[in-house]
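Novice: Below, each chain spelled out in residue letters.
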Amino acid sequence: MISGDETAVIAVDGAEKSFGAVRALDGVSFSVRPHECVGLVGHNGAGKSTLVNLITGGLAPDSGSVLVSGMAEGEKFSIAGARAHGVRCVFQELSLCPNLTVEENTRITHPALKGLGWRRRARALIAGKLDAIFPGHGIDCTRMIGDLSIAERQMVEIATAFSESDTRVRLVILDEPTSSLDAGLAAQLLGYVRKFVSEGGAVVIISHILGEILSTADRVVVMKDGRVVSERRAAEFTVETLVGAMGSVVRARDARAPSAAAGEIVLTRKAPAGSGGIDFVARRGELVGLAGLGGHGQTRMLVGLFNAGGGDWVSPKDPRIAFVAGDRHVDGNLPLWSILRNMTISLLPDLTRRGLVDTRAEAEIAARWRERIEVRTKDMANPILSLSGGNQQKVLFARALATRAPVVLMDDPMRGVDIGTKQEVYAMLREEAAKGRTFVWYSTEMDEICQCDRVYVFREGRIVAELAGAEVSEERILSASFAEAAA
Amino acid sequence: MNALRMVFSKPWIWAFIAAGGVFFVTVMFTGGASTIGLGQAALTFASFSVIVGLGQMFVITLGPGNVDLSIPATMTLAATLALKVMESQNGMIFVGLLVALGVGLGVGIANYALIKALRIPPIIATLSSSFIIQSTAIWSNRGLRIRPPQWMADLTTQSLFGVPNVALIALGITLVIFVLLEKSLYGRWVSAIGQNMRAARMAGVPVDGVRFATYVLCAVLASLAGFLLASFSGGAALNMGTEYLLTSIAVVVIGGTAVAGGFANVPGIWGASLFLFLVVSMLNTYGASAGVRMLLTGVIIIGVIIAASRRRVA
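Quick mapping for you: the protein sequence lines, in order, are chains R and V.
Per full-length UniProt numbering, the very first residue in the first sequence carries number 1; after that it's consecutive.
Per full-length UniProt numbering, the very first residue in the second sequence carries number 1; after that it's consecutive.
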C-alpha cells in the first residue's frame, strides 16, 4: 500500500461514512502523490462520489482521517481549506452559474481577482487555460453559461479547475470529465492531464469509459460497495480484467445484420433547403443513431422532432413520441416528486378514468418497471433526488419506455450510468425495437453509436453522412465528423 | 405520539394553529360571550378568501412568476354586471350567475392570451388586464347601486344549522378543488409544470392547455366570489375586491403552498383565511388603532410564514 507515503498530496486513511442506513464508505484508504494520475472506477453507488467529497472537504468522515500535505496539525479540513491547499474538483453535476458569463464564473472561484479590471484579468485567465487544454475551442468568454452547450460548459468547468490565481493547483479531481465531450475534445483533455502530471501535478480521474482510464492513469483503484477492492498499476489491467474487478462481465457486442427489411417510415425531417444536408428518416423498429461532435445540432434536432409531434394544448389520445432527457436537471427531473410520480408522469393519460388518476394501476406499473430496470431504492415513494444520478436516469428511461409511444427520442441519456446498467439498457432497447419501436439516439459515446442500425453524422447543425449496418464504425464516424476541418 | 408527529408534519397545520390561537385570545377578551358570533363571522368572511385563494393557489403552483393580479377587478366586474342583469329580480338569479361566470371565463381567456400571444410575464399581463377590467366595471357601474335579488341576499346571509350558507358553498367548492388537485390528471400536470416546465413538456404534459385552464379556473372562481360577496353585502362596489389582492396571495402562502410552485395545499387555505380574518377582529376587539392593526397584521403574517417554512425544511 502506498497510503503511508510521506509525500502524498492527499492521504485518506481508513475512512468510514454512512448516510442513515446506507454505508457509503467502509474503511477506505486512498492516496495520491505528485507526478501521478490515479484512475478511480466502480459502479454507480460504489462510493466514488463520497470519497471525492471527503477529499474536497465537502464531507467529514465518521471515522478515519483525511490529510492534505502542507496542512497544519489540527487544522479543520473544509472546502475552503482544500481549495487553499490546491485541491480542485470538476463535478459530475456541472456547478457553474448559468446566469453569469464565463468570466464572471471565473471570478467566483478566484476571489483574488478583485479591483478594477477584474473582468479582463478573469477573461485572460480562463481563456488562456481553455486555449491550453482545448486548442481551437471557440468559446467566447463573455457569453453566459446558460447559452453554452453542455460540452462547452464542461470545458469551461475543467479549465476553471486547472486555472491558477493565488494558490497553486496541486491535485485536480475529474469526475466523469468526458461524459459530455466528444472523442476529439476528450483526447485533448487527456493529453493535457498527462502534461499536468508530468509537470508535478496530481490528478484523480473518475470515468465509466475504461479505455480512457487505462490510457491515462498510472494507477487504478477499483471500488465496490464502499471499499477498495483492487489497486494496481494501470498497465496490469485490461478492460476485461478491470470490469471483472468491478464485478460485472463484458458482454461481446452482438453482431447484428442491418435491418434489411426496412419498415414503414415513422418520422422524417427535411434538411433546410440549400444547406446541403441530408434528410432525416426513421423507420419502424429501427435504432437510429445521431453522431458527430458534441453540440453540432443533434439535441436541437431531437427537440425539433419532439415539438413537431404537437401536444402543447391537448394531450394526444395516442402518444406519438416519448423523450428521454440527457441533461436530467433541465429536461428530466421533477425534483419535488417521488420516484413513482416521476416515472409515471408520461403515461398518466392512459391511467385516467373520468379525469381521475387510477393510483392503484399506477403503482402496479411502477412496481413492474422498478423490477425491470432495477431502480435501487427501498421505497418508490422516496424523492427522486434521493437516487444516485445513474438511477435517476433509469427512472427517466422507464418514463419513456412505459408509454405506448412508437417513437422514443434519446438525448445522450447514458451520462453517468455504469457499464452494467448500460448493457441492460442496450438489451432492453433491442428488445423494444424488435417489437416495432423506433429509437432515435444521440450519444457522445462511440460504443452506443455502434449499437445502432443506422447512423446520421452531424456537423455544424446539419447531417453530413448516413451510415448503415456494417458501415457503422468509429473510423467512418470520426472521418465524417472531421472531414471538412481536416481538409 | 406518531400520529401527533404526522399531524404536525402537515404543512397546513400551522395556519390552523394560528387561527385557533387568535380565536381563543379574542374570545377570552369578551369572556366567551362572542364565541358563536365570532365563529360565524369568521366562517362567512373566510369563505370569500377561500374561494379566490383556491384559484390563486393553482396559478401560483404553476411555478415562479405565475400569479393572478386581476382577481379584485374580476370580482368587481362580475358582481357589477351580474347585479345589473338581475335588476333585483329573483327570476333572473340564474342568468346573473351565468353572466358572472362568463366574465370570469372571458378574463381568464384574455389573461392567457396576453401571456402567450404577447409573451408578457403573468404578473404584468394580469396587472394590466386588471386596469381594463376595472375600467369596464367603472364604466358600466356609473355609481349605480343595485340591490341583489332578495333570494340571493337571504341565501348568502343566512345559516343552516348554525353554519353560514356561504361557508357551505365554499366548502363544496373546496372539496371539488381538493379532488382536482390530489386525484385528477389535471392536478398532477399543474404540479409537474410548477416543478420544471421544460421537463414537464418533454414528458408529454400539454403545458399550454394546462396553464390556460388554470388561469381560466382562477378567474372563474374570482367572479363567483364577487357574485356571492355582492349578494352578501347588499350590492356591488367599485372597491369591493381591493383587499382580496393581498389576501388571495397571503392565504396561499400561509396555507403551506410552495411559493416557488410545484406543491399546493388545499386545507391550509381554510386555516389561513380564518386566521387572516381573526387577526383583524382580534385587534379590533382589543381596540387597536388602524395603524397598529396594519402593523401587527403584517408582523403576525410574517411570523406564521416563518414558523411554517421552518417546519417544512426540517
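Please keep in mind that the hints were generated in silico from the structure rather than gathered at the bench.
Careful, some of the hints might be misleading.
Partner residues aside, some chain R positions facing chain V, computed with beta carbon under 10 angstroms [claimed, not checked]: (1) Phe196; (2) Val314; (3) Phe323; (4) Arg341; (5) Asn342; (6) Leu348; (7) Leu351; (8) Gly355; (9) Ala363; (10) Asn382; (11) Ser386; (12) Ala400.
Residues from chain R that keep clear of chain V, each with C-beta distances beyond 12 angstroms, as calculated [unchecked claim]: (13) Arg119; (14) Val324; (15) Gly332; (16) Leu336; (17) Thr344; (18) Asp411; (19) Ala433; (20) Asp453.
DSS-like, lysine-lysine: derived pairs with alpha carbons at most 30 angstroms apart [claimed, not checked]: (21) R:Lys378 x V:Lys116; (22) R:Lys224 x R:Lys435; (23) R:Lys317 x V:Lys10; (24) R:Lys270 x V:Lys116; (25) R:Lys317 x V:Lys116; (26) R:Lys378 x V:Lys10; (27) R:Lys114 x R:Lys76.
Computed from a predicted model, the values in this text were never measured in an experiment.
For each residue, glycine too, the CB sits at the ideal point set by N, CA and C.
Novice: Now tell me, hint by hint, if it's right for this structure.
Specialist: Status of the hints after comparison with the structure:
1. Because the smallest distance between the Cβ of phenylalanine 196 (chain R) and any Cβ of chain V comes to about 37 angstroms, over 10 angstroms, the interface hint for this residue is violated.
2. With a least beta-carbon distance of about 5 angstroms to chain V, the hint placing valine 314 (chain R) at the interface is held under the 10 angstroms criterion.
3. A hinted interface residue such as phenylalanine 323 (chain R) counts as satisfied when its beta carbon comes closer than 10 angstroms to some beta carbon of chain V; here the least separation is about 5 angstroms, so the hint holds.
4. About 7 angstroms separates the beta-carbon of arginine 341 (chain R) from the nearest beta-carbon of chain V, less than 10 angstroms, and the hint is met.
5. Checking asparagine 342 (chain R) against chain V: minimum C-beta separation of about 9 angstroms stays under 10 angstroms; hint holds.
6. About 5 angstroms separates the beta-carbon of leucine 348 (chain R) from the nearest beta-carbon of chain V, less than 10 angstroms, and the hint is met.
7. Hint on leucine 351 (chain R) holds. Least Cβ distance to chain V is approximately 8 angstroms, under the 10 angstroms limit.
8. Satisfaction of the interface hint for glycine 355 (chain R) is found here, the shortest Cβ-Cβ separation to chain V being roughly 5 angstroms, below the 10 angstroms cut-off.
9. Evaluation of the alanine 363 (chain R) hint against chain V yields a violated restraint, the C-beta minimum of about 14 angstroms exceeding 10 angstroms.
10. This hint is violated: asparagine 382 (chain R) has a C-beta 16 angstroms from the nearest C-beta of chain V, more than the 10 angstroms allowed.
11. Checking serine 386 (chain R) against chain V: minimum C-beta separation of about 16 angstroms lies over 10 angstroms; hint violated.
12. The interface hint given for alanine 400 (chain R) holds, since its Cβ lies 8 angstroms from the closest Cβ of chain V, which is under the 10 angstroms cut-off.
13. For arginine 119 (chain R), the non-interface assignment is confirmed: its Cβ lies about 29 angstroms from the closest Cβ of chain V, beyond the 12 angstroms cut-off.
14. Against chain V, the non-interface label of valine 324 (chain R) is violated: not every CB pair exceeds 12 angstroms, the least being about 9 angstroms.
15. The non-interface label for glycine 332 (chain R) is inconsistent with chain V: the shortest C-beta to C-beta separation is roughly 5 angstroms, within 12 angstroms.
16. The Cβ of leucine 336 (chain R) sits about 5 angstroms from the closest Cβ of chain V, inside the 12 angstroms cut-off, so the non-interface label is violated.
17. Residue-level check failed: threonine 344 (chain R) sits 9 angstroms from the nearest beta carbon of chain V, not beyond 12 angstroms.
18. With a closest Cβ-Cβ approach of about 9 angstroms to chain V, aspartate 411 (chain R) is found to fall inside the 12 angstroms limit, against its non-interface label.
19. Every Cβ of chain V is farther than 12 angstroms from the Cβ of alanine 433 (chain R); the closest lies at roughly 21 angstroms, confirming the non-interface assignment.
20. Its beta-carbon lying about 25 angstroms from the closest one in chain V, aspartate 453 (chain R) satisfies the requirement of being farther than 12 angstroms from that chain.
21. Restraint check for lysine 378 (chain R) and lysine 116 (chain V): the C-alpha separation of about 42 angstroms exceeds 30 angstroms, so the hint is violated.
22. Annotation: proposed proximity of lysine 224 (chain R) to lysine 435 (chain R) is violated, straight-line Cα distance about 36 angstroms (limit 30 angstroms).
23. A hinted pair counts as satisfied when its Cα atoms are at most 30 angstroms apart, and lysine 317 (chain R) with lysine 10 (chain V) does not qualify at roughly 37 angstroms.
24. In summary, the hint linking lysine 270 (chain R) to lysine 116 (chain V) is supported, as the alpha carbons are separated by about 28 angstroms, within the 30 angstroms threshold.
25. Our distance criterion of 30 angstroms between C-alpha atoms is met by lysine 317 (chain R) and lysine 116 (chain V), whose separation comes to about 24 angstroms.
26. Proposed proximity of lysine 378 (chain R) and lysine 10 (chain V) is supported: the alpha carbons are some 23 angstroms apart, at most 30 angstroms.
27. Pair hint lysine 114 (chain R) plus lysine 76 (chain R) holds up; C-alpha atoms about 27 angstroms apart against a cutoff of 30 angstroms.
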